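Engineer: Residue numbers (full-length UniProt numbering), protein chains in the order written: chain A, 1 to 314; chain B, 1 to 314; chain C, 1 to 314; chain D, 1 to 314.
Accuracy of the hints is not assured; some may be wrong.
Identical copies look the same in the list; a pair holds intra-copy or inter-copy alike.
Straight-line distance between alpha carbons at most 16 angstroms, and here's what the computed EDC-like set of lysine to aspartate or glutamate pairs gives [claimed, not checked]:
1. Lys291 <-> Glu229
2. Lys291 <-> Glu231
3. Lys291 <-> Asp224
4. Lys118 <-> Asp141
5. Lys102 <-> Glu73
6. Lys118 <-> Glu146
Hints are computed from structural coordinates only; laboratory data are not their basis. If you're wondering where the values come from, they're calculated on a predicted model, not measured in any experiment.
Number of protein chains: 4
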Amino acid sequence: MQIGLIGLGRMGGNMRDRLRAAGHEVVGYDPRPEVADVGSLDELAAALSAPRVVWVMVPSGDPTRDTVRTLSETLSSGDLVIDGGNSRYTDDAPNAELLAAKGIGYVDCGVSGGIWGKDNGYGLMAGGSDEHIALAMPIFDALRPEGPREEGFAHAGPVGAGHFSKMVHNGIEYGLMQAYAEGFELMRASELVTDVPGVIQAWSRGTVVRSWLLDLLVNALRDDPDLSELEGYVDDSGEGRWTIEEAIRHAVPLPVISAALYARFASRQDESPAMKAVAALRHQFGGHAVKSSGPTGAPGDKAGPTSGTGSTQG
Amino acid sequence: MQIGLIGLGRMGGNMRDRLRAAGHEVVGYDPRPEVADVGSLDELAAALSAPRVVWVMVPSGDPTRDTVRTLSETLSSGDLVIDGGNSRYTDDAPNAELLAAKGIGYVDCGVSGGIWGKDNGYGLMAGGSDEHIALAMPIFDALRPEGPREEGFAHAGPVGAGHFSKMVHNGIEYGLMQAYAEGFELMRASELVTDVPGVIQAWSRGTVVRSWLLDLLVNALRDDPDLSELEGYVDDSGEGRWTIEEAIRHAVPLPVISAALYARFASRQDESPAMKAVAALRHQFGGHAVKSSGPTGAPGDKAGPTSGTGSTQG
Amino acid sequence: MQIGLIGLGRMGGNMRDRLRAAGHEVVGYDPRPEVADVGSLDELAAALSAPRVVWVMVPSGDPTRDTVRTLSETLSSGDLVIDGGNSRYTDDAPNAELLAAKGIGYVDCGVSGGIWGKDNGYGLMAGGSDEHIALAMPIFDALRPEGPREEGFAHAGPVGAGHFSKMVHNGIEYGLMQAYAEGFELMRASELVTDVPGVIQAWSRGTVVRSWLLDLLVNALRDDPDLSELEGYVDDSGEGRWTIEEAIRHAVPLPVISAALYARFASRQDESPAMKAVAALRHQFGGHAVKSSGPTGAPGDKAGPTSGTGSTQG
Amino acid sequence: MQIGLIGLGRMGGNMRDRLRAAGHEVVGYDPRPEVADVGSLDELAAALSAPRVVWVMVPSGDPTRDTVRTLSETLSSGDLVIDGGNSRYTDDAPNAELLAAKGIGYVDCGVSGGIWGKDNGYGLMAGGSDEHIALAMPIFDALRPEGPREEGFAHAGPVGAGHFSKMVHNGIEYGLMQAYAEGFELMRASELVTDVPGVIQAWSRGTVVRSWLLDLLVNALRDDPDLSELEGYVDDSGEGRWTIEEAIRHAVPLPVISAALYARFASRQDESPAMKAVAALRHQFGGHAVKSSGPTGAPGDKAGPTSGTGSTQG
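All chains, please: the whole structure from these sequences, using the hints.
Structural biologist: Here's what the structure looks like:
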């Protein structure tokens, strides 16, 4: 079938390739003319036969909201817009409402798979009406991995449910990554396991912890067994934060996902104001040695608890 | 090759089957005569040709330690004992020393895979000398999954490194399980995702969170979509605790694995003494309503924050 | 000086008493005529001389927002409204703007102290302009505890800073309470400390952990040494949630305050869906015994790790 | 009464002063002759009349165990040894047994108060028999703060209960300190509260969070409002670790105290191996930019979630 695709970055570009390989006709738009098939959204609309299906794959937030607003003026009644980006699910209802006023349908679709999806297929979670989902099903079938449809695609619920599911997916992902990372650090810290990359590779088959993320960790350790070429600095793309905010809204305890998010926050701090405050308190009550930020600061013991007659406080 | 196998419970029995299917000659001992091949450890020793290789697959702690002690008196110089159970790694050095005094070798081997290992193969992490590992390699090759050896087996380091690796593996496993579980709960708590089992199944292929544990969760939800037949009560087999204890010894922060362990502890409490104390404090400073344990206790609001003119405290 | 006081619940009523005891003239309004001094906000406005100072002490959210809106129509240019309730700080700027359009000033004031404030005085954190703070200072001086002003009152910053400070205060409070509660539970769980209430009382003087909350815990344990008359069920009034949301906005890791909030969430669940999922996973991979929710569910071991030949998984 | 005091460091020296000020006769021993009253433990024993009471105030672990062993040979039946240091409670039973074989009594006493105890008195938690506690009560009365005995002293239980209580006390202390520290950091991170030290000082009276630790934080911020002269590097003296280990032994969830301990661990890492692993994983699946440890590493965004078309992963 025909599909319009807006946003031809790493994700959108790969998806165009995968859709075309599956025999679909893709008309791609991107502000960078060297990658675009058409020069404007008007041209994109003109190039598609009604009912048009347009997949939006641009950064979440204002870029996606702006694109949807433009499409509400460019497309026609009976057309369908799919937001495949990482929008917050709370954007979906307003987007759908805006488009519905013009008779245009809306589906939100969480897409997982990263740069590997081009070849492996993408895991998809869609929100919207049965009718709109059915209209886009050939696209979903082309994007999802080979195998039974239900193992790579879900109609999660009404509008918003797709992005909500993707948000939770990413929150889980934070927890999974941190769990592996903590185990890696503990094995490294012990003097006992002499082949840490080998142990992690041996988990690839048969074990309870085998997973695609584990395979990626094996890859990373093959290239750099000590990860010495990386800094322990980890950004976040917002969905972990949204997951916690939803948990708070629903009074659901998420200790693991929160801990994973906080570890990322802490990884980005050169100095922790909180830990300065703890150091200050210890100094106040116990006369404990503290490290000054000046050049005279002596390195402290990294591992063992200190003991002394100086104080019985901790 | 020949192998003696002590302990024919669910794990040991399955391993006997898998070893035999690979063409090895297994002499199995178990206190239950109906499953055993021989009636005693003496008979087991007599049935094997030197150098004997004996795999111990009994509960960790005293049962394993007692078995090793008996083997130190039953086996001969040049033989090899492999502890494939879930012993704490700190048991390995004493076991190895006891056996070495008689010229008997020792290898500790962490085994992962649960009841699925019989067919899929087991992930193996072994600790010991190169010589002892080489002697047992045909057994490891039969137990591990098909595919490259390094994807199902690692020589993790010296004696103890196998069980240490398995301990960390299980700690990671706690974190992974809890991450999925938190995501499941959050989707259930929202009103938006109407097909939670479907979404989780759709993560099976292509997504970043795909894993064998995810596949198991899909299985569980297929049988019981609301998990209504289960209690939220989760035991632990000790290795998560040991993981935390090691982390503390090495000053390694493990917030995710700890949170997963604590969630299990809390799941086993009918009443939390800590939360009684918090309730008591709220009552003291703010006159906040508390739930009494008597029959008159009125159910409180489960989700929303309360507000009122009664107090400005939290 | 004269002051109008809207909201004569437990907090507002106590504050009226304290203000009157300090010699101020308080005109109180409340929808319940039996506690009110005037019958309407119009009457309240009429009873005060310009420039009027009106303290709002009603539930946060809609009740406070509605009251401020009404006051914007009832009061006159030059008057001052103080929101002393537990409003979210994000309500303050809109409130201030609404009133400023009529020339009416606005101060937000976080108030801490609970039911004890009537006699002890209240800790106060105010946000607003220097001019408005100065106008209300006699009221602040009457409400705050005896002693140096700076030990019971702060001009925290511009509009919003008072409620922001109070929000953080309550977040800290969650952490403090949970820390004591965890220590209480651990001492109770050990068989060693035979006089837990006595130990906690002995921390009242001289120790590093002495505090007002500790004194309250001593009181609670005096009445009910085992806290057996309480359920371990803890509500929350929203400020802990807001604290976490702010932390996420600013990428500040708050592991302790989050853990305290999550412990409250968990305390309100009869069954944890997450822990059902973990139980389901353990059952899937290891054949671990699970507790069914039917009448045949056998009680499991509450404390010790289980061990067996059944599985080497956790 | 007479008392022997071994260990005249900061704590022991202060305690000698306080005991003498209360009219007791203190014979102090320390390896440093310039502070000692006697030159050896033999001289100390000779200087005291039977039944002797000897207070040991030396570093925990080997120094304390060695001192107790020496005293078991130096003292006589009917004498009493009090370990007032920060020994792990598991040392107490062996110490008591060793001394009991010679007819010498043993009391373990947790001491809280830091360098302030000299003037304020120390909070005391003692473990031992009624008889031994009674023998030492004049010393406890001199060391504890003024006021009712039960507000500064507890007979916590049998031998070990004193140090167990002190261990829990210190675990709680970690949680309290971290709670204040997190609140400090969050207020600093917001642009709204312009007088953070002033707000914290305003919590000194009347509020729910007032405490001695808060007073110390006020002191610290008076000297250095931004804590700019300190590094965010926090040691630990072991008792927080022991608290977690006990919690694990008893299956008690301690999320807050653990989080506080882990924050200290993390504060001492220049680079987190775990976060390197998370960075490596993000790079693998999403092509996310990572910071290399070389000189070309560009500084990343510290606060805001990133968004882009590059990937829909987190």
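Engineer: Compare the structure with each hint and give your call.
Structural biologist: Results for each hint:
no.	hint	result
1	Lys291 <-> Glu229	between (28 angstroms within a copy, 9 angstroms between copies)
2	Lys291 <-> Glu231	between (23 angstroms within a copy, 5 angstroms between copies)
3	Lys291 <-> Asp224	between (33 angstroms within a copy, 14 angstroms between copies)
4	Lys118 <-> Asp141	within (13 angstroms within a copy, 35 angstroms between copies)
5	Lys102 <-> Glu73	within (8 angstroms within a copy, 40 angstroms between copies)
6	Lys118 <-> Glu146	within (12 angstroms within a copy, 28 angstroms between copies)
Violated hints are absent here; each numbered hint is respected by the structure.
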